[in-house]
Amino acid sequence: MAFTVPTTMSVLKMQQLLQTDQGAERLQTIIENAHHLYCYGPAHSVVVYTTEAKITNRTARYEWPILPSADGLDYVFRHHCRAGTGGSNLELTVEEYSGGAWNTLETTTGIAATANTPVTYTHTDTIPGGSTKLRVTWGRSTAAHEFTPNSLTVYPLVASLSAGKTSAGFIPQDDGLIGAAGCPVHTEFFNRAYRNALYVLQDRYQPSLSFVQEDASANMLYEPSGASLGASEWVRMGAAWLSMPYQRDATLDLRALASVNGGSTSGLVGVRQAGADGGLATFDADGAIGTGTLKLVMPGGPNSGCILEVLGTHTSGQETYVHAVNGYWKPGT
Amino acid sequence: MAKLTSQFAREWTGKVPADPGDYLTQATPAARFEYLLGVDALMWQVALTMCQPALCFDGRQAAADTVRFSLVFPPASVNAVAYVTSWGDLSGAIQGDIDIDTTSSGSLGTSYSLTADADTIRIPAETFGTSTYGDLTAAKQRSVAPGGTNIDNAPSAVGNRQLELAGGKVRSVEDIEIKGCGGFGVCVTVRTEDLET
Numbered sequence: 001m002a003f004t005v006p007t008t009m010s011v012l013k014m015q016q017l018l019q020t021d022q023g024a025e026r027l028q029t030i031i032e033n034a035h036h037l038y039c040y041g042p043a044h045s046v047v048v049y050t051t052e053a054k055i056t057n058r059t060a061r062y063e064w065p066i067l068p069s070a071d072g073l074d075y076v077f078r079h080h081c082r083a084g085t086g087g088s089n090l091e092l093t094v095e096e097y098s099g100g101a102w103n104t105l106e107t108t109t110g111i112a113a114t115a116n117t118p119v120t121y122t123h124t125d126t127i128p129g130g131s132t133k134l135r136v137t138w139g140r141s142t143a144a145h146e147f148t149p150n151s152l153t154v155y156p157l158v159a160s161l162s163a164g165k166t167s168a169g170f171i172p173q174d175d176g177l178i179g180a181a182g183c184p185v186h187t188e189f190f191n192r193a194y195r196n197a198l199y200v201l202q203d204r205y206q207p208s209l210s211f212v213q214e215d216a217s218a219n220m221l222y223e224p225s226g227a228s229l230g231a232s233e234w235v236r237m238g239a240a241w242l243s244m245p246y247q248r249d250a251t252l253d254l255r256a257l258a259s260v261n262g263g264s265t266s267g268l269v270g271v272r273q274a275g276a277d278g279g280l281a282t283f284d285a286d287g288a289i290g291t292g293t294l295k296l297v298m299p300g301g302p303n304s305g306c307i308l309e310v311l312g313t314h315t316s317g318q319e320t321y322v323h324a325v326n327g328y329w330k331p332g333t
Numbered sequence: 334m335a336k337l338t339s340q341f342a343r344e345w346t347g348k349v350p351a352d353p354g355d356y357l358t359q360a361t362p363a364a365r366f367e368y369l370l371g372v373d374a375l376m377w378q379v380a381l382t383m384c385q386p387a388l389c390f391d392g393r394q395a396a397a398d399t400v401r402f403s404l405v406f407p408p409a410s411v412n413a414v415a416y417v418t419s420w421g422d423l424s425g426a427i428q429g430d431i432d433i434d435t436t437s438s439g440s441l442g443t444s445y446s447l448t449a450d451a452d453t454i455r456i457p458a459e460t461f462g463t464s465t466y467g468d469l470t471a472a473k474q475r476s477v478a479p480g481g482t483n484i485d486n487a488p489s490a491v492g493n494r495q496l497e498l499a500g501g502k503v504r505s506v507e508d509i510e511i512k513g514c515g516g517f518g519v520c521v522t523v524r525t526e527d528l529e530t
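Here the protein sequences line up with chains F and Z, keeping their order. So that you can map any letter, position 290 of the first sequence is 290 in my numbering, and since no number is skipped, the others follow by simple counting. With the second sequence counted from 1, adding 333 to any position gets you my numbering.
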């Protein structure tokens with residue numbers, strides 16, 4: 001009696017599926033594939049920091065909105081940072097925001113670093129289903145030594161399953177139900193596998209856009225009023241290609257974090273699809289998570305995708321601090 | 334009969350049942366192989382559905398021209414096309430060459446800034462302000478070019494020019510290092526792998 005989670009998906013050959021005198025072993029393979037999907041899903045968050053280079057004598061902190069699984073899964077956090085001068089340890093703290101407070105997921109002062117080399121650090125932690133933000137702080141144990149944070153990728157890795165329906169609606173299936181030799185295929189068994197796969201699909205938002213700067217305004221690399229454009233003019237702060245093979249006209253869920261040093265906060269951050277007549281999603285720079293959606297115009301087919309642009313603007317005499325803009329996609333939307 | 338990944342490509346927009354229970358939820362009709370085929374296919378449709386994010390960043394600072402990040406690719410993905418964003422700096426300087434190293438294409442560097450070697454994929458200098466396109470599967474899709482294009486067919490760093498992925502029947506996590514770039518996206522276009530092999 002067990003909830004088997006294979007480390008790879010298994011392939012049923014077509015003849016195995018078509019031969020009606022075969023037993024339930026083929027269904028067991030399908031069920032295990034559904035378990036695999038639950039435990040080895042797509043990425044949850046991918047962020048490459050827009051940040052000052054070779055930071056010294058301070059820490060660097062980044063904060064961005066997330067849309068995690070409702071099930072409070074275990075996730076792998078894969079960080080990349082570059083050490084500059086000096087051989088002191090890198091220091092890292094990772095926090096998530098839920099229940100009205102920041103909660104520490106990982107903190108270490110012992111990441112070994114050699115001068116002028118890239119460093120990769122990986123840890124596994126649980127993100128609660130109600131979490132709304134991640135926050136990462138980098139530093140070095142010797143303050144004068146340089147460091148340049150590069151990126152963080154977060155993806156689920158669930159070690160095991162247990163009985164019962166999850167918050168997302170997934171219901172694991174025990175091997176013992178159909179483990180007997182020659183056991184017949186029962187409709188409910190593949191009903192549940194089918195529904196499990198769809199629940200996983202609908203529960204896992206996939207990262208589609210990211211632009212993240214430091215959360216301290218004094219340390220931000222880019223600020224819209226620093227461009228040569230006047231107040232109320234959009235400044236393109238980032239642009240990159242979003243790939244969504246075979247998808248047509250999908251809608252993204254967008255989140256933004258921004259603030260100002262004074263004046264109006266209304267509609268100072270934007271996201272749009274380059275070259276499309278579609279809308280512009282705008283967000284207030286009021287320090288709270290801004291939410292919005294953007295319907296894309298895409299052709300479908302294997303190369304389907306588009307260029308997304310992150311925009312910022314400012315009011316006269318004031319500055320706008322775009323801390324983070326993130327897009328997430330739930331298949332079906 | 335081959336079982337190709339391309340058979341499981343699926344557009345989802347507006348096509349996911351709001352309540353998955355509205356299909357195959359009853360104890361009847363009796364189990365039939367057609368339903369097994371459908372359920373088996375759905376597993377692969379879900380497994381292969383992964384978008385790849387538009388990553389906006391600044392990899393053009395003189396003191397930090399190289400960034401490293403990880404991407405998660407769907408099962409049975411063996412190569413991919415990269416889309417890079419070129420930027421000029423505030424002085425109007427033209428974007429220089431963009432170099433890419435990946436885990437599966439070769440070995441990642443160990444120095445602060447990426448040094449081109451035989452494994453490096455080079456996308457040549459573009460003009461200011463364009464969102465250029467780099468074809469990493471050089472022999473296969475050279476002419477596809479949304480946005481500005483200047484594909485170097487004889488790069489200074491030769492060797493393996495494909496952005497190779499691990500393949501296999503599980504998602505893969507690929508480390509990618511890129512020098513001199515202002516944004517990155519990648520498209521997994523090859524979906525004709527035979528899952529039965």
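Treat the hints loosely; a few may be bogus.
[Said to hold, decoys possible] Here are some, though not all, of the chain Z residues that point toward chain F, as calculated from beta-carbon distances under 8 Å:
#1 L337
#2 W345
#3 F366
#4 Y368
#5 C384
#6 A396
#7 V411
#8 N412
#9 T443
#10 A449
#11 G500
#12 R504
#13 V506
#14 F517
#15 L528
FYI, nobody ran anything at the bench for these hints, they're computed from the structure. All C-beta atoms, glycine included, are put in the ideal place defined by N, C-alpha and C.
Evaluation of the provided hints:
1. L337: Given a least distance of 11 Å, the restraint on L337 (chain Z) is violated.
2. W345: Because about 4 Å separates W345 (chain Z) from the closest Cβ in chain F, which is inside the 8 Å limit, the hint holds.
3. F366: holds (5 Å)
4. Y368: The hint holds - Y368 (chain Z) has a Cβ within 8 Å of chain F, the shortest such distance being about 6 Å.
5. C384: holds (4 Å)
6. A396: Holds, because the Cβ-Cβ distance from A396 (chain Z) to chain F comes to roughly 4 Å (cut-off 8 Å).
7. V411: With a minimum Cβ separation of about 14 Å from chain F (threshold 8 Å), the hint on V411 (chain Z) is violated.
8. N412: violated (13 Å)
9. T443: holds (6 Å)
10. A449: violated (16 Å)
11. G500: violated (11 Å)
12. R504: Holds: closest Cβ of chain F sits about 5 Å from R504 (chain Z), inside 8 Å.
13. V506: holds (7 Å)
14. F517: holds (6 Å)
15. L528: Check passed: Cβ of L528 (chain Z) comes within 5 Å of chain F, closer than 8 Å.
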